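K.L.:
Sequence:
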Amino acid sequence: MDVDAGHGAAIGRALPTQTSDLPLATRLRSYLSWSSSSDDDPVTVLARTHRTIHPYADAGVLRRGYAIAENMHRGQFRKSGEPYITHPLAVAQICAELGMDTITLVAALLHDTVEDTTYTLQALDGDFGPEVAHLVDGVTKFDKSFYGKAAEAETIRKMIVAAGKDVRVLIIKLADRVHNMRTLDARSPPPAPASRGPRRRCWSRSATGSASRRSSASSTTSC
1 MDVDAGHGAA IGRALPTQTS DLPLATRLRS YLSWSSSSDD DPVTVLARTH RTIHPYADAG
61 VLRRGYAIAE NMHRGQFRKS GEPYITHPLA VAQICAELGM DTITLVAALL HDTVEDTTYT
121 LQALDGDFGP EVAHLVDGVT KFDKSFYGKA AEAETIRKMI VAAGKDVRVL IIKLADRVHN
181 MRTLDARSPP PAPASRGPRR RCWSRSATGS ASRRSSASST TSC
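Residue 1 is where the sequence shown starts when you use the UniProt record's numbering, and the numbers rise one by one after that.
Bear in mind the hints are in silico, worked out from the structure with no lab data behind them. Keep in mind that a hint or two might mislead.
Unchecked claim - Restraint ranges, calculated between C-beta atoms of paired labels, are given here:
{"hint": "1", "residue 1": "Arg51", "residue 2": "Lys79", "range": "18 to 24 Å"}
{"hint": "2", "residue 1": "Val167", "residue 2": "Thr44", "range": "14 to 20 Å"}
{"hint": "3", "residue 1": "Phe77", "residue 2": "Thr52", "range": "27 to 33 Å"}
{"hint": "4", "residue 1": "Asp125", "residue 2": "Tyr56", "range": "31 to 37 Å"}
{"hint": "5", "residue 1": "Pro130", "residue 2": "Arg78", "range": "18 to 24 Å"}
{"hint": "6", "residue 1": "Arg182", "residue 2": "Pro130", "range": "30 to 36 Å"}
{"hint": "7", "residue 1": "Thr44", "residue 2": "Gln122", "range": "27 to 33 Å"}
{"hint": "8", "residue 1": "Pro83", "residue 2": "Arg177", "range": "16 to 22 Å"}
{"hint": "9", "residue 1": "Lys165", "residue 2": "Asp41", "range": "33 to 39 Å"}
{"hint": "10", "residue 1": "Gly126", "residue 2": "Ala59", "range": "19 to 25 Å"}
{"hint": "11", "residue 1": "Gln122", "residue 2": "Ala67", "range": "17 to 23 Å"}
{"hint": "12", "residue 1": "Asp116", "residue 2": "Leu174", "range": "16 to 22 Å"}
{"hint": "13", "residue 1": "Pro55", "residue 2": "Gly75", "range": "21 to 27 Å"}
For clarity, every value in this text was computed on a predicted model and none was experimentally measured. Glycine residues also receive a C-beta, built at the ideal position from the N, C-alpha and C atoms.
Generate the whole structure from the sequences, applying the supplied hints.
P.N.:
Okay, here's the thing in structure tokens:
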């Protein structure tokens with residue numbers, strides 16, 4: 001495959017001048033949108049974004065990655081009702097805007113296939129090579145450990161370990177989280193805990209009692 005040599009050089013490279021001076025939040029929002037003109041399919045737009053930093057990148061491998069991801073995720077939908085393929089495509093778009101290499105973008109397109117479809121890691125290795133398979137496997141393992149029983153306490157440690165093994169795994173996972181957070185409004189809010197009301201009333205009584213005691217103490221002191 002004709003892919004970019006190396007993966008670390010692009011990470012610290014500046015974004016294109018038209019976005020580099022914008023606030024980070026604005027830039028992240030812009031990463032999730034692209035032209036919807038009729039003559040631009042998503043892969044063409046993704047490749048164009050990628051080539052602003054990697055001018056000799058192979059668009060063919062991106063198209064193959066997208067085709068397999070779209071085929072494997074066909075019939076799956078997000079909670080918003082959109083086809084699921086819109087999510088890995090958005091993750092790849094974020095990675096492209098961050099200046100990541102072609103291998104990372106292909107892995108981003110395929111990052112949920114091994115976990116959520118019948119596509120195997122062995123098949124992925126055969127189709128795209130061991131490096132893409134390594135990244136997808138890393139993201140899959142990160143997901144499984146991230147949602148374990150001790151997830152909250154272990155999150156930072158796992159992120160550091162993942163970055164130490166291959167920072168591209170962490171970049172893909174963070175891009176995945178950015179897109180999920182960006183589309184939270186399409187998800188149903190979690191049900192409120194049953195004890196929320198009584199707990200709030202208990203807290204209110206406690207706070208009121210504390211305020212009364214402070215007021216009483218203040219009055220006693222001023223006398």
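K.L.:
Flag every earlier hint the structure violates by its number, smallest first.
P.N.:
1, 2, 4, 5 and 13
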